[in-house]
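Given chain A, put chain B in place with the hints provided.
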Amino acid sequence: MAGYTLRRLAGALPTLFIIITLTFFMMRLAPGGPFDSERRLPPEVEANIKAAYNLDKPLITQYGLYLKRLAHGDLGPSFKNKDFTVAQLIGTGLPVSLKLGLSAMSLALLIGSLLGSWAALRQNCWQDHAVMTLAMTGITIPTFVTAPLLSLVFGIYGVMVFGHEFTLPVAGWNGGALRNMILPVTVLALPQIAIVARLMRGSMIEVLRANYIRTARAKGLSAPHILFGHALRAAALPLVSYLGPATAGILTGSLIVEQIFGLPGIGRYFVLAALDRDYTMVLGVVVVYAALIILLNFIADILYAVLDPRVRLS
Amino acid sequence: MTPLLEITGLDIRFATPDGEVHAVKNVSLSIGSGECVGVVGESGSGKSQLFLGAFGLLAANGRASGSVRFRSREILGTSQKQLNAIRGGAVTMIFQDPLTALTPHMTVGRQIMEALILHRHVTRAEATQRTQEMLEHVRIPEAARRMKQYPHELSGGMRQRVMIAIAAITGPDLLIADEPTTALDVTVQAQILEILKALRAEQNTAIALVSHDMGVIASIADRVAVMRRGEIVEAGEARQIFHAPQHDYTKMLLAAVPRLDRDSGPRSNHGETLLAVEDIHVAFPIKSGLFEKTRKLKAVDGVSFTLRQGETLGVVGESGSGKSTLARAVLKLLPAGSGRVVWMGRDLNDADRREIRALRGDMQIVFQDPLASLDPRMPVGRSIAEPLKSLRPELSRDAANTQVKAMMAQVGLDPSWINRYPHELSGGQNQRVGIARAMIVSPRLVVCDEAVSALDVSIQAEIVGLIGALQRNSGLSLLFISHDLAVVRRLCHRVMVLYLGRVVEMADADALYNDPRHPYTRALLSAVLTPDPDIERSRKRVLLSGDVPSPLDPRAQLRFLPSRLSGGPDYYRPKLLEVAQGHFVAEYDEAQDTRSTL
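Keeping their order, the protein sequence lines are chains A and B. Just so you know, we're using our numbering here: the first sequence kicks off at 1 and counts up by one. Just so you know, we're using our numbering here: the second sequence kicks off at 315 and counts up by one.
Here chain A stands alone, though its shape is the one from the complex (with noise of 0.2 Å):
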């Protein structure tokens, strides 16, 4: 196992080498600067600059000092938000992405799997075309129309909860309280609900016409035994490979919801930072991204060998 492990990071080196090779040079390729936006300086001065981040010097340089760098840990100084480094960012932005992608993955993984198997249970009745169609629904509904409908609805108007009248914050962090969570954690999860709910119906309907479960049957089990002891486990398959990629895009990928809500996230660096060209900034948030994909995806590998011993570690 601690051989597997180390073999599979060893094996993300190489990955994250070409990815951030292909980042750099294409970020060069495109024309502009990081202070192509700014008030025109005298051209001694742009050069001091230029100099000082070391941007004078031949391309190739260039790329070698910035490996150099990344070797000791460091992503080096952001050249839009000039009194932070990169690291610094990230760092403030990145757990409030995270809190935020994990909460929604997680209320959608355990709402669209329950949903899901609720649907194949009762295959082709009312309750499953139901569902089917409530998911649908959330895949083509996009989250800048959602997110405004349901802060209308739960921030300005509010609801009525036990005679009492509620509303939610419709905007900040706040540290991260529950309360300013629920409507941004909403509106990311509900798509992932959709998609986890059809995901799961179908495989769950194939795992319920298998040999095995018929044989569960004739053991006399009941229905909710039959599902969460043998049918649960292989119908998850299929989800476990489609949530380590969908966790890395939910968490980088948030850039709508954490703007609509005004939250801190690490979203929205990762589009203002292309824009601005603010080089060490792209190339940070994405050796984060990369960083992380290549670690959902192990977790997902890790996972499926767990729920299915025929793949472990062969």
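Be a bit skeptical, because a hint or two may be false.
As the list claims (entries may be wrong) - Only part of the chain B face toward chain A is listed, based on derived beta-carbon distances under 8 Å: (1) Arg-401; (2) Gly-402; (3) His-433; (4) Tyr-464.
Calculated directly from the structure, the hints in this document are not laboratory data. Beta carbons: idealized from backbone N, C-alpha and C, even for Gly.
Same frame as chain A, now just chain B:
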């Protein structure tokens, strides 16, 4: 005395998009306490659905009506809860294909215990104890270790013994065995049937045995019901059904079963040597652990034989014996590690790819699963014409079509079906398509790789007849690979017995079947069942104990020659000795020839 299970007027219907399918029609059947009733029929006869329907295990689109009384209580239409109280406790089931019938992610021990804990309310510790005893009882060695393993870690025979353990552990009154030995090797089948017989004798369990195999039914059933298209066409005492069948269908079924004790092989009619295979080896690299060395699985380990014009050579062996790998290596469909294949005097090791492609017209193959080996999106006429396109590109489309139609007529297919798709034809018809596709280029050699194994007996008899007739008419040579010794008997001039990639015995068919020398050949022949209850119950079997050793184990070859086991890492390999003219037998120890008769 009221019977244990009484089925009266049972109908089972399935709602399908193409309309209702009436799978079981007005079937009545009773099973007494401790009795064994065999239900025999071909695919689609409804024999499995009969018992699934009786105990509420139909697929979601199935409906059963009529009456099913178990211990005088009506159980058809009762609640799931009441059914669950019976299923797995008083009535248990064994299914075909134990790999898919066991939950892949649960240890076999837990799967056996589950029913015991639920129905007999024992503690976990006691359940563990009894599970281990049960596994020992069904002759699984190292039961304590095996309990903690997953189904995929066990061999096919062991998995089926686990299924039996699941079914037997609650001490049921009725055990329903649905094709319990199908797809298992004959020697394993013999072991499984012995275990079922022992259970019945010890616990007085009634058995409902569902099978397509008349031999399996004859070996154990007291009474037999013959089913066709959802109906019981004949039922009665086993001896009466087998010795004096009344219904034409029963007679036809019995006549179609190939029998070792009645059939004789074809007359020999040999011409020139067509193919000579010399000391051929094929090995596959197997990686077991992460950092472990790659080991070589020797699938074919030094096989030599010759095949003459017009001759049929049977290749017999159990799963893992390397018979299909041998065929593919001979046809150059996969590279041989070493050894020579000489085709009509030409050493194919020197031939380049173009030459071998040209030779494909002379060497063709017919595969096991007819439906899976045909392109589902291609009309059968085009599948048959494909070899013509690549090997006779000069033929015009019309000329090719004429040839295809003539070929279809020759293999007994209606030439007007040229545009039909494989799913529109039956299994037997699809296999005729496979044969037509192989025969259309007038090959000199056809390899039949388990070509009739997946077919019902009546269809199997037809296809065997067709292959024999085609050979007599065209004088081609056949390499007939099969695990079924009785079918091989019908068709082959000479027979080669493979065991873990090596020949253990090779002789003319008559010599091999009448005078088998090697203990493995004897055990194989002894395991073949005869559709006759009197013969089946009177004879003693030579049973091989335990499982086939892993082909990765270098000592596996010495299973029949243990006196050479002391040889060290470079183990001795049994030599083939000629004991009579053309009769070769691998070395074995007489002492090992112990008949562990059970």
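Status of the hints after comparison with the structure:
1. Arg-401: holds, 4 Å
2. Gly-402: Result: holds, 3 Å to nearest chain A Cβ.
3. His-433: holds, 6 Å
4. Tyr-464: Interface hint status for Tyr-464 of chain B: holds (4 Å vs cutoff 8 Å).
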